[in-house]
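K.L.:
Once you have looked at the hints, place chain B on chain A.
If you read the protein sequences in the order shown, they are chains A and B. Take 24 as the starting number for the first sequence in this note's numbering and just add one per residue. Take 243 as the starting number for the second sequence in this note's numbering and just add one per residue.
The hints are simulated quantities; they were obtained by calculation from the structure and are not laboratory data. Quick reminder that beta carbons are idealized off the backbone N, C-alpha and C, glycines included. The reader is advised that the hints may include incorrect statements.
Derived SDA-like pairs (lysine to any residue); straight-line CA-CA distance at most 25 Å [claimed, not checked]:
| hint | chain 1 | residue 1 | chain 2 | residue 2 |
| --- | --- | --- | --- | --- |
| 1 | B | 630 | B | 594 |
| 2 | B | 277 | B | 341 |
| 3 | B | 805 | A | 34 |
| 4 | A | 46 | B | 630 |
| 5 | B | 805 | A | 38 |
| 6 | B | 433 | A | 44 |
| 7 | B | 433 | A | 140 |
| 8 | B | 676 | B | 636 |
| 9 | B | 433 | A | 191 |
| 10 | A | 46 | B | 760 |
| 11 | B | 805 | A | 325 |
| 12 | B | 433 | A | 81 |
| 13 | B | 842 | B | 636 |
| 14 | B | 433 | A | 104 |
| 15 | A | 46 | B | 553 |
| 16 | B | 805 | A | 47 |
| 17 | B | 740 | B | 856 |
| 18 | A | 46 | B | 636 |
| 19 | B | 433 | A | 296 |
| 20 | A | 46 | B | 434 |
| 21 | A | 46 | B | 761 |
| 22 | B | 433 | A | 114 |
For each label pair, taking beta carbons as the anchor points, the in silico distance ranges come out as [claimed, not checked]:
| hint | chain 1 | residue 1 | chain 2 | residue 2 | range |
| --- | --- | --- | --- | --- | --- |
| 23 | B | 449 | A | 176 | 49 to 55 Å |
| 24 | B | 388 | A | 222 | 47 to 53 Å |
| 25 | A | 129 | B | 449 | 50 to 56 Å |
| 26 | B | 519 | A | 176 | 28 to 34 Å |
Covered stretches of chain A, going by a simulated chain B footprint (3 or more residues, C-beta under 8 Å) [what the hints assert, rightly or not]:
| hint | stretch |
| --- | --- |
| 27 | 189 to 201 |
| 28 | 295 to 303 |
Read off the chains here:
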Amino acid sequence: MTARPTQLDAHFAAEVMERPGGKHLLTCMACGTCASVCLVRRFYPSFNPRRVLHQASLGMREAVLSSPEIWLCSACDACYPRCPQEIHISEVMGALRDLAIEAGYEAPGPFPVVDSAVCSGCAVCARVCPYEAMAPARDEADPTRQTAHVDHTRCLHCGLCVAACPSGAISLEETNDQEILARVTADGWMEQRGLLSGGTQPRCLAFVCQWSIRSDAAWERAQRFGDQVRLVPLPCSGRVEPAMVLWALSRGVDAVLVVGCDDDECHYQRGTYIGRSKVYLLSEMLATMGYQQERVRFARQASADRYGLERHVQEMLATITTLTAPIAVTVD
Amino acid sequence: MVDAARHPNITILANTEVEHVDGFIGNFSVNLITKPRYVIADRCNGCGACAQACPIEVPNPFELNIAPRKAIDVPHGQAVPLVYAVDMDHCIHCYKCVTACGKLDAIDFAQQPQETNIEVGTIVVATGFSSFDPSVIPEYGYGRYPNVITAMELERLANSAGPTVGRLVRPSDGQPPQSMAIIQCVGSRDKRYNEYCSGFCCMYAIKNAILLKQMHHAMDITIFYIDIRTPSKGYEEFYTRAREAGIRFFQGRPSLVSEDPDTGNLIIEAEDQALGGVVEVEAEMVCLSAAAIPQPDADDLAAKLTLARSPSGFFMEYHPKLRPVDAPTDGVYLAGAAQGPKDIPASVAQGSAAASRAARVLSQDTWEIEPIVAEVDPALCISAQGKKCGICARACPYGAIVVEQGQPATIFTAKCHGCGGCAAECPHNAIQQKHFTDAQILAQIKTLLQDRPEEKILAFMCNWCSYGGADMAGISHFTYPATSRGIRVMCCARTDDKFVLEAFRRGAGMVLVSGCHPQDCHYITGQQVGARRFERLRTTLERMGIDPARYRVEWISAAEGEKYARVITEMDAVLASYDPAEVVRQNRQAAAQIARRLKKWNEDPRLVHIFEDLPLVEEVVE
Chain A
24 MTARPTQLDA HFAAEVMERP GGKHLLTCMA CGTCASVCLV RRFYPSFNPR RVLHQASLGM
84 REAVLSSPEI WLCSACDACY PRCPQEIHIS EVMGALRDLA IEAGYEAPGP FPVVDSAVCS
144 GCAVCARVCP YEAMAPARDE ADPTRQTAHV DHTRCLHCGL CVAACPSGAI SLEETNDQEI
204 LARVTADGWM EQRGLLSGGT QPRCLAFVCQ WSIRSDAAWE RAQRFGDQVR LVPLPCSGRV
264 EPAMVLWALS RGVDAVLVVG CDDDECHYQR GTYIGRSKVY LLSEMLATMG YQQERVRFAR
324 QASADRYGLE RHVQEMLATI TTLTAPIAVT VD
Chain B
243 MVDAARHPNI TILANTEVEH VDGFIGNFSV NLITKPRYVI ADRCNGCGAC AQACPIEVPN
303 PFELNIAPRK AIDVPHGQAV PLVYAVDMDH CIHCYKCVTA CGKLDAIDFA QQPQETNIEV
363 GTIVVATGFS SFDPSVIPEY GYGRYPNVIT AMELERLANS AGPTVGRLVR PSDGQPPQSM
423 AIIQCVGSRD KRYNEYCSGF CCMYAIKNAI LLKQMHHAMD ITIFYIDIRT PSKGYEEFYT
483 RAREAGIRFF QGRPSLVSED PDTGNLIIEA EDQALGGVVE VEAEMVCLSA AAIPQPDADD
543 LAAKLTLARS PSGFFMEYHP KLRPVDAPTD GVYLAGAAQG PKDIPASVAQ GSAAASRAAR
603 VLSQDTWEIE PIVAEVDPAL CISAQGKKCG ICARACPYGA IVVEQGQPAT IFTAKCHGCG
663 GCAAECPHNA IQQKHFTDAQ ILAQIKTLLQ DRPEEKILAF MCNWCSYGGA DMAGISHFTY
723 PATSRGIRVM CCARTDDKFV LEAFRRGAGM VLVSGCHPQD CHYITGQQVG ARRFERLRTT
783 LERMGIDPAR YRVEWISAAE GEKYARVITE MDAVLASYDP AEVVRQNRQA AAQIARRLKK
843 WNEDPRLVHI FEDLPLVEEV VE
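This is chain A alone, in the form it adopts within the complex (with noise of 0.2 Å):
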């Protein structure tokens, strides 16, 4: 794109410094920190962050309001305590947003789909959504029920109200169980027999939030211990399903391993934490039922540690070669 003075709109820097998390936006140096730490490149190489700022500042108003990358910032924050000039970036993507949906711009999506007919109106969805995104409000089609209802301008994708939905009801794509499922039973993966179904090494599945790894490279590092592992990305550790953890695990899989970021570095708010919380309460439940509760993990994933991924898969492979056989788990 050229940026002709003439075409550069000379009031737009200090319309998005008036608004809440804007004012730094003008002591940018492009010195680049936060375009380098950013963990939504490794699926969108085009976003760059120091180019949306630069450009905000020079005052491409319409290059910047219409590009679906102030979109895909997530709210992580892993550029902020790095930035050496302090500036609160994603708070600078959010005043850039409140300005592009004031210009009439809609938000690229995907966004979760509600099935009205099985949604019950219950509000468990509005709990989980980290982005106030989810609210019950009156039915179209039968307007003496709730329902869920998306807000669009809010909604960043993580799927959270998929997983939370007791009923079933919201699905998103890329994110509905049957493909989750699909990625854990491709190539056969799981007819093979690990330890517990009398196979001689052992077999792990391992949930990952796509968003704690920092690259293709520390992906493809934890991919050395071969069909040992399965590698399952999920849009955020929140989104496992337990129902899916016992499935595994009633197959013959001998643990499942959840990867979700570490504290303040989630995409989503709080989306680790609820991954966090269902792994507990998952393994409690099975020590309860008698089953080795060391089975079910969750690891913590620090987005600058590059090779967490590849030592929590092995940590957990290690822990299963010292498990006894526990008593069967069925699950329908």
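P.N.:
Just chain B now, kept in the frame of chain A:
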């Protein structure tokens, strides 16, 4: 250094600390404490037999603790004077050194700290800088990953007189690295640590890179930078040479350094601006160009010498352009990185300049000072009457005033710089600043507000900053309303709150009090002395019924002509929004209270001619 030690007019007092400094330009009295070496300097010939005999090895701070030294040793090989010293924190008193010293009999365990006093005419402060500790930046892993080192450590590792005899090796495995990444701006240009640019790191990083490339042609060297700054003679050419030598430059500040647990290699992640994308570089060693920071004991020395410090913590010069090597205290001069980050050529230049400034004083029998000093009227000073006061002494940024109960306050004229803060602070009008007396300033207020005062903005401006700012507004042809009338004082500390009250009593529409920004004050802490008073005045005015919107305090630097024009324009708009009758009513209503507060002035025989046109206090009160 050796030349200096041999010079007949130079005495080196090593191992010695300044304890206390008294006096003034040309007549300083300095108390020194020489710490014991436990070695008699006159007898030690520097042979080193004692160190060889010593069985104790401790980390050597000169080698940044990479190498050991003995519990009796010299600070470093080229130390001047070459006298060994015992490190009492580690000595086990085996006395093997005494035996080794033999007939020279230079070792004396009974030595005590020695206090000495010297009389000097001038003082040059050249205490240098310290290096930022990068371990507080977790993302670079210094202190966690052995192969992440600082530039100072690289200097030692690459030095032929260093611990590895110039053979660069990795701390993790002792192997020579095949690749090196250098990260710039570590702890500098960073609001979390030091906001300023350290200035010389770009050049030494390039120097180190070229040096390493010359020693190891195959070495892969990458420099990560935000901006390369090469603003001196020949520097840019040097940078070009580095690029031509095959040194790789990435414009981007790394966000993370991670260690490969298997190899000990480091992966650096940064965004390169030209590529517009992220680069990941694997290097066997990482060198951090850590910020230059003020010496940790700078505060201590600043207190002893009444030095000011810049916001960055380095010692502040008297004037950044016109007196760059003078300290705010007359007769004290600054040289080198103690005054701000500096490379060697600049430090040498400043050292020569400081010596010349000092020689200027030393070569004369008498020294002229500015005539604007303050003086005490002993008859009015209540300290002379045995009462407790000392307000003036507390206000003086130079420690020029001494107050002893029962004696009038004494001002050391040679130490006084003429800010006038004491004159304004004295509650008994016992201090006058020459050429800025109460009578002179009150006469100006009277004259400037003689005609239609309710339409005027009376502005008090400090000589160095806000008066310069007003001047700048004029020479830059900034337009602002013609309603302002200025009164110049040396420092805003001289602006007595009673001047503001007097202005309102004489009917002023608005009053502006202005001075330097806190960090720019030419009288060290003068601005703060004034600022405290001006803040209190706001509530006083409110109590008296004068709208605080008619009184404004602004810090305006000499470069901020635009700000001066803007402030006056804004104040004029406020004044224009007022009904002139309301201004007059507020001023009249406050007149009686003001008159009571100015009673001492009204009764002062030196000021009779100023107040003769005003009604007597009693009349106003009625």
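K.L.:
Tell me, in ascending order, the numbers of any earlier hints that this structure violates.
P.N.:
Per hint list: 1, 4, 7, 9, 11, 18, 19, 24, 27, 28 violated.
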